[in-house]
Every structure is written in structure tokens, then in C-alpha cells.
Amino acid sequence: MILTIASREFRTLFLSPMAWTILAILQFILAFLFLTQVEAFAELQPKLATIEGAPGLTDIIVPPLFGNAGIILLLVTPLLTMRLICEERRNKTLSLLLSAPISNIDVILGKYFGILGLLLLIIALITLMPLSLLSGAELDLGKLFANILGLLLLVSAFTAIGLFMSCIAGHPTIAAMGAFGMLLLLWILDWSAGMSDQRSELFAYLSMLKHFQNVQSGLISSADIGYFLLFIITFITLSIRSLDNDRLQK
Amino acid sequence: MTTLIEADRLSRYYGSHCAVKDVSFTLAKGEVLGFLGANGAGKTTTMQMLCGNLAPSAGQIKINGFDLLDQPKAAKLNLGYLPDTPPLYKELTVQEFLLYCAQLHGIAKNSVADAIKRAQERCGLTDVAGRLIANLSKGFQQRVGIAQAILHNPEVIVLDEPTVGLDPIQIREIRALIRELGQDHGVILSTHILTEVQESCTHVQIIDQGRLIFNETIAGLNRQMDTGTLQITTRLAPDIENLLKIPGISSIENITENRIKIHHSVTANPAEQIAEYIITAGWGLQELTPVKRSMEDIFISLTKEHREL
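Top to bottom, those sequences are chains A and B. All the letters of the first sequence, read from the start, carry residue numbers 1 to 250 under the numbering used here. All the letters of the second sequence, read from the start, carry residue numbers 1 to 309 under the numbering used here.
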């Protein structure tokens, strides 16, 4: 049942120009960044060759590419998730799901995986760029995998927040603004923590950027993965609760 | 007869406002229950509670023996619901939309195509199956909504104002469809159109200000409509004194010289004797009609009575 809702959601994205536009623009921007990075490497290569233990091709190209992809997806994900529950409620189509023999957990997870499907596609397209270098160079595949995993965890968390915002907001625009605001706050939380002398341990822990960068560097620790998983589970649970609340509401 | 819906003392509050209070009723297989009420009387709230879209503040609902709160999936499997606004994904075609609904209701894969085809035929959608729902007229959208509700052949069909926005021919078709569905399902339909209830329902309930004030079969309703009055027009002025001698007549009222109203007891209808008498007397019978209270009259008097209490 989750799969039915997820595949419907995924296909609906492609019925409007939305998904196509996002895929095209994202690919264009990231391809541009990728090429700049490749060019930078080509310029640096002679110098790097003389240094002992210098960063390799993968280090110079992949983390910046995935880092930038993370920032762009921070902007894009709220736009994708804003309609999920909010618009169903506004168009009164939610009662179709509520009176069907499926639980609210199915509805929320179905919606979640539907959007995640598109984001997986985006990540796959991004990954193709560094993979294309394999034709003429060697890549540190372990590091590339760490970056893919990091970005995957990151967008999963983005989607969870966006879904929750879509559950509680009355209008898609508000859902998008809310999700974007929260994501940005979590993103920059570490900056303020770094400025003062006494670093706030709590802020540092809450900051998404920090955990993302940890995974990106190739250091896959259970603490960072646990952070993302906790984050996702929390917001999905909250979304389910919010949908349950619909029946009791008003 | 199997009981399909048991609603037991349902109440629903929105904050301190009470939308539905202490409503109990049952619905059996083969019944079409008309739910009547003015705007804001609590019809839609009751329907939403029956379909699990809204939790009742108090009370219990059983659908086909399954409690809606304890076994929601089993209960909802037997339920088809058309809300007051048909829940349609406008960006899909009729075919795609019905396919999605079939999957949501867990219809077995090999019978999905048949179920969709049958629902489309029943609702007259075969010709528009490939069109986008957004491009369909309101009437057709309403039909897609009905098709969605009957698609999985549920035991209980709940229709919230199914004929709103349809043209007279479509209304007739939909009413015929409702009667047909009523034969082997249990149907609840809410409406504020009184003739609709007379045409398609076997049972009537009137709800006013959240309370159930009338619960009868159509036959019972027809009895209520009988006022025990005949209106008679004759060519020559009738002799009232003599007419009064016919047993069963309680009083006679003169409207004009040639037109009278005869009040009689509800149990014995003296229409036949009166007709015979007038003809033998040679007054020239031109009209003899029983005066009936209209549905509207009953509705208005019931709601008025209820509010005065």
C-alpha cells in the first residue's frame, strides 16, 4: 500500500513541469560547478604533484560538488514537499485516503518515499558526473560512496521536515517557507557556535552541516548516521501524529 | 436482514459548539436511507464520522460488524464514500484515477480491470475514460466521484449530496443508479432536496441542529402526508347537509359555491361513497383529490416543532 501511494506521488511529479524543470536546472548548475572544479584541478595538478600526500582528484572534485548539491537541495526540497499533504487537504482529496482501508502510517510513508524517489534520481544524476571521470582517471570510490551516503541522509532529513511542515501548514507557500526556514536554521546553527569562545555543544550537535561534513570526509560514524536517522524518524512520527489529529480536530 | 451500519449515540463537538448530538440509527442491506436536513444541520459531520474522516466525540460506529475505531481497515474495506466535494486528482485521467482508487482499496490485481470497467459503465463514464478529470464538466466529475465510491463493490455506500450540480437527465440517471445499488448494498445519501428522498429512498431521517428528529420508512412518511382531507369540485352546488350523513365524514368546509373540502378520519376513507353519492345526485363531479401535505410541509413543521421544544 505504501508502494502504491509512493509510485502515484512519484508519477504525479512528472505530470507537471515541476519535476522536469527541477531536474534540468539542477543538472545544469551542478554540471557547471563540476566543470569549474575539474578545471581547477587541471590547473593545480602540476603543483600538487610536487607535494607529499596532496589531496587527490576525488578530494578536489567530489566533496565540493556534493556540498553544493546539498545547499541547492536545501532550497529545492521544500518546494517539492510543500504540496504533499497540504494540497490534498485544500483540494479535499485527503478524504479519499482517509476513507480508504489504509492507515495514516501508509499515507505518510507513501508520500515520503514518493518524494524521496525523485531525490534519489537527482542524486543518481549528480553521481554520474564524477563517475564520468573514470574513463580517463582513477577515483577513490570509497570516498565517493561516503559522499553519496551523506547526501542521501541529508535529503532524507530535508524531506522529513518538509513533509511535516506540509502536514501542519494551511497553505503550500507557508509549508515551503516553514521548511526552508527550519532547514536553513539547522544548517547555519554551527556558524554561531563557532563564533563565540565557548562553543555550544548542543548547537554543534544539532547542526546538520557538521554531521554532513563528517560523513562527506569519509568518516562514517554511527553518531552521524544516528543523528540523521533520529531526525527522520522524529519528523515522520510527528507527521503521522499530525494526520491522526485531523480526525480529532477543529 | 444483515445490519450494515450501527451508529450508537454519536456526538460531535467543535470546541464548545455541538454539531451532532446523540444520533443513533441502523442501516440494513437493501435499504436506501435518506438523510435530510437544512444547511449546517449536521449531515456532513455525521457522514464524515461514518467514514472515519472525523472521530466522534462520543458514541460508537460499527460497519458490517467491525468497529470503526478498533478495526479501521476491516471496517473501511466495506465502505464507499463520496464526500460533498468529490475527491478527485485533477491532473489524472478518469482511467488512471480509478486505477489508483482500486489499488488503494486493495482490489485483487486480476479483477482491477473488470471493476473499473463496471464502475465506468454504471456511471456512464466509458466515453470519457481517457480524458483528464480537470477538463470534465462538473456533472461528469460528480460521476467520477460516484464511480470511485462504488468501484470496490462495498457493502455500504455513503453519498454526500450526490446530485448537486447535475442536469435533470443526469439526476434521473443517478437516482436510478442509487435505487439499483440499494438492492444489494446499503446506501446512505444526504440531501436537502426533498423529492430526491421520495424518489430514491426506502427510509428517511431528518436531522436538525445536530439531533435526529424523524426516523421513518417511506411508507410511514406517506402516512404522515395523508391529512384526511378531500377536495371536491362539482358543476352544481352540492347539498352539504346530505353529504354529512355519509359515515366517516367529520366536517365539510365551503371554499366556493362549487368547491368544498371534506375532512374525514384518517382510518376510513369515504372517497368512494362520496363519489357515488354525488353522481347519483347528479351534481356533476369534476374533481375529487386527496389533499396531501408535501414533504416540505412535514419537514418545516417537524423542524419548527423541534426548535420550539
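If you're looking for bench data, these hints aren't it; they were derived computationally from the structure. Every residue, glycine too, gets a C-beta built ideally from N, C-alpha and C. Mixed in with the good hints, there may be bad ones.
To be verified - Computed far set for chain B versus chain A, every beta-carbon distance over 12 Å:
#, residue
1, N39
2, L50
3, D84
4, N242
What the hints assert, rightly or not - Here are the simulated distance ranges between beta carbons:
#, chain 1, residue 1, chain 2, residue 2, range
5, B, E121, A, L139, 56 to 62 Å
6, A, L139, B, A108, 30 to 36 Å
7, B, G165, A, I233, 40 to 46 Å
How the hints compare with the structure:
| no. | hint | result |
| --- | --- | --- |
| 1 | N39 | holds (18 Å) |
| 2 | L50 | violated (9 Å) |
| 3 | D84 | violated (8 Å) |
| 4 | N242 | holds (65 Å) |
| 5 | E121/B <-> L139/A: 56 to 62 Å | holds (59 Å) |
| 6 | L139/A <-> A108/B: 30 to 36 Å | violated (48 Å) |
| 7 | G165/B <-> I233/A: 40 to 46 Å | holds (44 Å) |
Going through the hint list in order, the structure does not satisfy hints 2, 3 and 6.
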